[in-house]
Amino acid sequence: GQQLNQSPQSMFIQEGEDVSMNCTSSSIFNTWLWYKQDPGEGPVLLIALYKAGELTSNGRLTAQFGITRKDSFLNISASIPSDVGIYFCAGRPDNYGQNFVFGPGTRLSVLP
Amino acid sequence: NAGVTQTPKFRILKIGQSMTLQCAQDMNHNYMYWYRQDPGMGLKLIYYSVGAGITDKGEVPNGYNVSRSTTEDFPLRLELAAPSQTSVYFCASSYSSRGNEQFFGPGTRLTVL
Numbered sequence: 001g002q003q004l005n006q007s008p009q010s011m012f013i014q015e016g017e018d019v020s021m022n023c024t025s026s027s028i029f030n031t032w033l034w035y036k037q038d039p040g041e042g043p044v045l046l047i048a049l050y051k052a053g054e055l056t057s058n059g060r061l062t063a064q065f066g067i068t069r070k071d072s073f074l075n076i077s078a079s080i081p082s083d084v085g086i087y088f089c090a091g092r093p094d095n096y097g098q099n100f101v102f103g104p105g106t107r108l109s110v111l112p
Numbered sequence: 001n002a003g004v005t006q007t008p009k010f011r012i013l014k015i016g017q018s019m020t021l022q023c024a025q026d027m028n029h030n031y032m033y034w035y036r037q038d039p040g041m042g043l044k045l046i047y048y049s050v051g052a053g054i055t056d057k058g059e060v061p062n063g064y065n066v067s068r069s070t071t072e073d074f075p076l077r078l079e080l081a082a083p084s085q086t087s088v089y090f091c092a093s094s095y096s097s098r099g100n101e102q103f104f105g106p107g108t109r110l111t112v113l
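Those sequence lines, one after another, are chains H and P.
Sequential numbering from 1 applies to the first sequence in our numbering.
Sequential numbering from 1 applies to the second sequence in our numbering.
Honestly, the hints are just simulated from the structure, not real lab data.
Keep in mind that this is a model prediction, so the values were computed, not measured.
A virtual CB, placed ideally from N, CA and C, is assigned to each residue, including glycine.
Hints are not guaranteed to be accurate.
[To be verified] DEER-style ranges, computed between Cβ atoms: (1) H:Val-44 / P:Asp-38: 14 to 24 Å; (2) H:Ile-67 / P:Lys-57: 48 to 58 Å; (3) P:Leu-80 / H:Asn-95: 43 to 53 Å; (4) P:Lys-57 / H:Glu-17: 38 to 48 Å.
Required output: the full structure, derived from the provided sequences and hints.
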């Protein structure tokens with residue numbers, strides 16, 4: 001089946017630092033979504049991207065739909081303790097119907 | 001609005017037992033989904049439904065069954081529980097197939113011993 005790779009798997013950063021993570025696939029996607037999951041909770045949608053090159057912000061978060069349509073990037077600026085959690089990318093491949101494929105997640109820890 | 005609710009939060013089953021995971025949404029969404037999340041893995045789609053009376057298999061449907069008799073409810077049935085079904089199960093719903101906003105429930109943590 002379709003697979004997504006996310007990197008890094010986990011990261012530890014100091015409060016106030018900027019964070020970058022990415023999501024890659026071997027096939028072309030027509031939609032990218034970024035979710036955050038807090039412990040014991042379901043994922044919550046952060047940003048949705050619908051066309052190649054699109055750059056979208058949500059507060060301190062910015063995500064981009066890669067030009068090749070095989071990747072997406074998420075940046076968090078000036079991290080704060082509540083940014084801790086697991087960040088998932090999800091994508092809808094071309095010719096895959098209406099459903100999404102989820103990446104394995106990037107676990108973010110913010111040190112005070 | 002309560003959003004998407006799931007019960008129970010936790011459950012331990014013995015091999016061969018059966019159970020139903022409940023999911024309900026009060027947002028009048030047509031689309032509903034069941035995912036499982038294994039440690040260190042992304043969400044895998046088990047079954048989905050595009051409306052009452054219509055269900056379809058996702059990526060990992062074996063060992064599960066679903067029904068959608070109403071718009072609000074989408075229960076997931078495990079008939080003969082196996083250790084491989086130990087996982088966290090998430091139900092989600094969305095207004096349209098574009099799926100740009102899938103709302104997730106809080107999850108059910110299932111252990112099969």
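Can you let me know if the beta-carbon spacing of Ile-67 (chain H) and Lys-57 (chain P) is within 48 to 58 Å?
-> Once the Cβ atoms are compared, 34 Å apart, the range 48 to 58 Å for Lys-57 (chain P) and Ile-67 (chain H) is violated.
Do Lys-57 (chain P) and Glu-17 (chain H) keep their Cβ atoms within the hinted range of 38 to 48 Å?
-> Distance hint for Lys-57 (chain P), Glu-17 (chain H) holds at roughly 43 Å.
Starting from the hint 14 to 24 Å, judge whether the C-beta atoms of Val-44 (chain H) and Asp-38 (chain P) obey it.
-> At 20 Å between Cβs, range holds.
CB-CB spacing for Asn-95 (chain H) and Leu-80 (chain P) relative to the 43 to 53 Å hint = Between Leu-80 (chain P) and Asn-95 (chain H), where Cβ atoms are some 34 Å apart, the hint is violated.
Violated hints, in rising order: 2 and 3; the structure is consistent with all others.
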